[in-house]
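Participant: Protein chains in written order, with my numbering: chain S, 2 to 306; chain Y, 2 to 306; chain B, 2 to 306; chain X, 2 to 306; chain A, 2 to 306.
Please note that the accuracy of each hint is not assured.
Treat identical chains as interchangeable: a pair holds within one or across any two.
Straight line, CA to CA, 20 Å or less: simulated EDC-like cross-link-like pairs of lysine to aspartate or glutamate [unchecked claim]: (1) Lys246 x Glu258; (2) Lys214 x Glu245; (3) Lys176 x Asp108; (4) Lys214 x Glu45; (5) Lys246 x Asp41.
For the record, the hints were derived by calculation from the structure and aren't laboratory data.
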Amino acid sequence: MTHRAALDSLGLDTGKRARLHRILYRHGLCNGTALFLPYDQGLEHGPRDFFANPAASDPRYILDLAVEGAFNGVVLQIGLAEKYYADYADEVPLVLKLNGKTDIPYDGDALSPVHASVADAVRLGADAVGYTMYVGTPAQEADFAAYRTIREDARRYGMPLVVWAYPRGSAIEAKGGKETFYAVDYAARTASELGADVVKVNFPHPEKHSGVKHPYDEEFGSQQAIDAVVRSANRTLLLVSGGEKAGDEAMLEKARESMDAGATGLIWGRNVWQRSRTESLRFVERIQEILTKYPSASHTPGTRG
Amino acid sequence: MTHRAALDSLGLDTGKRARLHRILYRHGLCNGTALFLPYDQGLEHGPRDFFANPAASDPRYILDLAVEGAFNGVVLQIGLAEKYYADYADEVPLVLKLNGKTDIPYDGDALSPVHASVADAVRLGADAVGYTMYVGTPAQEADFAAYRTIREDARRYGMPLVVWAYPRGSAIEAKGGKETFYAVDYAARTASELGADVVKVNFPHPEKHSGVKHPYDEEFGSQQAIDAVVRSANRTLLLVSGGEKAGDEAMLEKARESMDAGATGLIWGRNVWQRSRTESLRFVERIQEILTKYPSASHTPGTRG
Amino acid sequence: MTHRAALDSLGLDTGKRARLHRILYRHGLCNGTALFLPYDQGLEHGPRDFFANPAASDPRYILDLAVEGAFNGVVLQIGLAEKYYADYADEVPLVLKLNGKTDIPYDGDALSPVHASVADAVRLGADAVGYTMYVGTPAQEADFAAYRTIREDARRYGMPLVVWAYPRGSAIEAKGGKETFYAVDYAARTASELGADVVKVNFPHPEKHSGVKHPYDEEFGSQQAIDAVVRSANRTLLLVSGGEKAGDEAMLEKARESMDAGATGLIWGRNVWQRSRTESLRFVERIQEILTKYPSASHTPGTRG
Amino acid sequence: MTHRAALDSLGLDTGKRARLHRILYRHGLCNGTALFLPYDQGLEHGPRDFFANPAASDPRYILDLAVEGAFNGVVLQIGLAEKYYADYADEVPLVLKLNGKTDIPYDGDALSPVHASVADAVRLGADAVGYTMYVGTPAQEADFAAYRTIREDARRYGMPLVVWAYPRGSAIEAKGGKETFYAVDYAARTASELGADVVKVNFPHPEKHSGVKHPYDEEFGSQQAIDAVVRSANRTLLLVSGGEKAGDEAMLEKARESMDAGATGLIWGRNVWQRSRTESLRFVERIQEILTKYPSASHTPGTRG
Amino acid sequence: MTHRAALDSLGLDTGKRARLHRILYRHGLCNGTALFLPYDQGLEHGPRDFFANPAASDPRYILDLAVEGAFNGVVLQIGLAEKYYADYADEVPLVLKLNGKTDIPYDGDALSPVHASVADAVRLGADAVGYTMYVGTPAQEADFAAYRTIREDARRYGMPLVVWAYPRGSAIEAKGGKETFYAVDYAARTASELGADVVKVNFPHPEKHSGVKHPYDEEFGSQQAIDAVVRSANRTLLLVSGGEKAGDEAMLEKARESMDAGATGLIWGRNVWQRSRTESLRFVERIQEILTKYPSASHTPGTRG
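Could you build all of it, start to finish, from the sequences and the hints given here?
Facilitator: Next comes the structure, spelled out in structure tokens:
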């Protein structure tokens, strides 16, 4: 049994708790852990991500994979959700991503524009919404302002809010880049301070510390780093993202360290679907073998009956 | 019979489906293909486009042509729609273009300002609205924000939303320009991810690949390219635009390749009306000869009766 | 009889038609032509314009002149309209100018800020509103956005919308300046495409063509140019402005050419009131001698009774 | 008797007229002239203005002075009005200043941000509101937009609107600076054109004319200049501000010239309270000796009874 | 007994007075002084502030400390307040901080974006809200605009408004920096002029006066400086912040000088919790020994019964 906080101790309103319970205890391993399949790369990077496995260009392929692989949720932008999710409704929870951007223009003052609403998510039967916050961006004011509206709407509708807390922009580059322990730790904390229910972060790289603020310029191991990041997120559930496709063993090791630290789960896209369907499912199985070792109860012992 | 998806399989709400059905099965060839006549060049380029055929400066000339040529729709800005469409109402569907701009100021951070509303389109009896999205523009935030409002209004009114998905701006120029396979493919996907019902793209030029992202820097044929673009658009109907007047045979060849790829149709302006009326109609006939070979049913077999 | 379109063929809603009819057939020569007296120079240029004839600094002087000279309308900003128009109400129609600016700051990205509303115009008994659109300005987005609100309000209130279509800004300067045939023609068309009821343009200078786009770099006579501009405006009534005070004969020749081309009338300020009252009235008489030769009916023959 | 227009001839709505009547005929000399005490320097310049007379740092000191000196009004920002005016309510009229700024950041594109509303003024029992317009600032659009809202609210609530018409910003600096006859004259006219009820200007300096527009580069005396400025303001009541503390005799001479020109009164702060209380009151007496010579009736003869 | 004004003489509406009374007379020493524990450093500086005492990373640790140390209030951002305050509700008053930012991007045109509302504070049972105003920032317009909304909402809900009046940005740096007597004095006055109920300032450093405006370039002692700052704040209650951890004796000396000057209290975070819990509580005791010497009555003598 993990040291993750029970769902009933996070200060969640009823609707958020119901939907998170559905995601964590009615889908996937039903043990309080989560494995999400993000599919917003078509917008974020363009169709070039699909050349490795052209079948993955078709949203039906991805939704089939999510159902068969027993994912806890699939992440879609509004267009694909409206056109494809109906045929998979309730078979796998939908996380509607509310903002996004192409990677074409200059990213130094990154901002992810909102193009859908929490109300859209309600209408489509989603169980959570996603918002990308570019922590440290020079466009911080616009980012926080857009986020605030989403946070308020999410509360009104009882919709769990998953924050992609991504260090980004010229100032982050000048302070060691987006992957440092410094940047990831700060990003997790920012999401927590601003009221995210779930935060998605990249796995921190404590060995990259040129330009970071003290004391992040000292030596830390990766377990120490992810432990601290989970602590910074405190009562905000934490998901670790996969990023670009990397070696399987390294990825699985990160998964183990993340879960040891108290993460709730993983959100891996390209590492999953940039290979054949059979291989994808086999890899998912290996991930789930790990997650299965980190169950958590949805209620604090003694709080019911 | 083409491999285009039937109208009933695109996740469309009732009003959008009714209007798209009217456009595709009550006008033009009534076979599920479409040929549109865009007439926004007076704003986008100025009256200089009319010197080749001064009669085309008069909106009545264009509307007559649209009716006589059996087009599936004519595209007008609000001013001309209010002043001229009444006399042609219901004879040819109206696509009201909701944004537009002059080509005078610097285009590096292109944005097409909204100057009319979906409600205007409803009031004028239009069967669709058009929105130009400059994919990759540094003004992406403002573009997505304006688009979002249009998308939401279009849903509320059941009005099909045609997105002119045009790669544009300094960042696109730095990555090979607006005509590359990379740019067109990304644009089509972006429109689809963001919820367009129909997307209008330029025909891709895979041979222009200096500066594009991998794997678009490899060799692709034009059929391969347009196939991929249609796939990227998935359940978003795709129209191929004509651009500047070019040689007829080359244009018709592009039309064939587009329809082979699964496009729904064409949207050609200057190539049609920058010649005499008789020649225009003769050219339209040749286009329709092609379109007639790509019929599609409006319903998936077995879904009714 | 001119070839101007009758008021009933312009696609106007009832209120707009009533007010334009009042301006064109109840005031001035009552023959469908119009002569307007603009008095916004105190804001646009400052009081320096009044030193040539200090009496003109007093709005009462101008309003007296408008009534005695039988103008079809006087153009005022909100402040002067509120303070002075009551004593002249219904004696001369009021065109309330809704935006304006000082000429002090840098004009390269010109924008004319809105400072009054169509509702203000209704309250003050105005018969039209005026909006300055700086065609080609780098601030095009803000301009179109402000314009859109005015256009929508004008429709709601049945208030005719007169657009000052002025090419302006750094990009226009780089393409030959604000007086070229290219710029004026594009400006007239832009106003028409965006839904102006009346457009005010400067008389085009086809001989200034360094930097303009093709084919405006060819040779055109002034009559050819103004003919084309009126054609570009199509069903938008066209007024030709006077600009800085110039020689009377040259001005009157321009008036004749404009009316020959199908313009509805003239809007001349400084050329009228930057001289003594007696001289002003004498000059107005000469203008009206011209206008009297270009009557037009308010109804298309056979449409009534 | 002065040649100032009577209050009933200014086109004022009832509430504005009632409040201006209270200020001009129920307070001060009750003769249609006005002497205002502005106290916004703590925000505009910071507490450094109070070192010359530390007692003036306390708002109570200023309010006592306003009552004892029989001022026609005291000008406060929202914070001090809320905290101090209650104890002096109705003893001296309150002009609530609705915008203001610190003088710390760069002033080249000056804008005075609104931080209170006309509704705040109504709630606090104010008899007028004040708005600083930086005439000629590159931030003209934002300035006019903010002003417009205030103007509309002032009309809705019948609250007189006093415009601080201050030439400011880099473009004014390039054209001779903020004190030239050119700049002050333009500022007065701008306020009038945009609908101010009262305008506050600096006394013009016609001798500073390097960089100004023609014909302001010619020779004018100070009486000529202030005469012209009052004429430019026309039916907008004009107040002359004091600016930095200067010699008493020079100040009083300016007061005389202003009143001769037709100004309604003066608005002097630092010249009054940057000296001891006794001296302040003695100086006020000297000002009032001047004002007493310029009475005006509130009604045009023959309009009542 | 101190010379601080009684709560009933500050012009406060009922709700604000009730809540400030609760903070000042129902918590802490219950003698009209205040000691606040700010805990927004996780957002403002990131988790690096917690490495000195990792336990402080956990909000529960801080809330326990606030209760045990008998603080008058704890300051939290919305995320931590929603997730942790319920278990401590009414045991220590909550000041909900409504804006905040990371310290990653360039700070030259500092602005602290609003991400929560006064309504959030009401919902969470807070007794005050906090707003950071960056006095002198080039982003002054946006700052004042955001502040204005908060001020109006605070009035509507009767919620005391605590303004973090922080000189910040490139212009302040050019005028001696954020710690000068000049900057702190101006900041206190600005908060007061704009309607803050409570203002939080840094202790002024009169010895740093290179670049400041006259007369701040003269010699002042620290007591003189804090006296003036409290005078500039006038009826706005003043709290002195602690800033970075410094020597205890120096801090306590500042506390004494502040209270002597008429400050209401202190708001110290890192100086308190960047040490062990035992040491923290011992240090708090020493602070309270000082505060206990500066009681003030909540009512002006004779105003009740």
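Participant: All the hints need checking, so say for each whether the structure fits it.
Facilitator: Taking the hints in turn, this is what the structure says about them:
For a Cα distance limit of 20 Å, the shortest separation of Lys246 from Glu258 inside one copy, 18 Å, qualifies, whereas the shortest one across copies, 34 Å, does not. Taking the shortest alpha-carbon separations for Lys214 and Glu245, only the inter-copy value of 16 Å comes in at or below 20 Å, while the best intra-copy value is 26 Å. In this homomeric assembly, Lys176 and Asp108 come within 20 Å of each other (Cα to Cα) both inside a single copy, at 16 Å, and across copies, at 14 Å. Only between protomers do Lys214 and Glu45 lie at most 20 Å apart by alpha-carbon distance; the minimum there is 14 Å, versus 29 Å within a single protomer.
Taking identical chains as interchangeable, the C-alpha atoms of Lys246 and Asp41 lie at most 20 Å apart only when both belong to the same chain, with a minimum of 15 Å there against 37 Å between chains.
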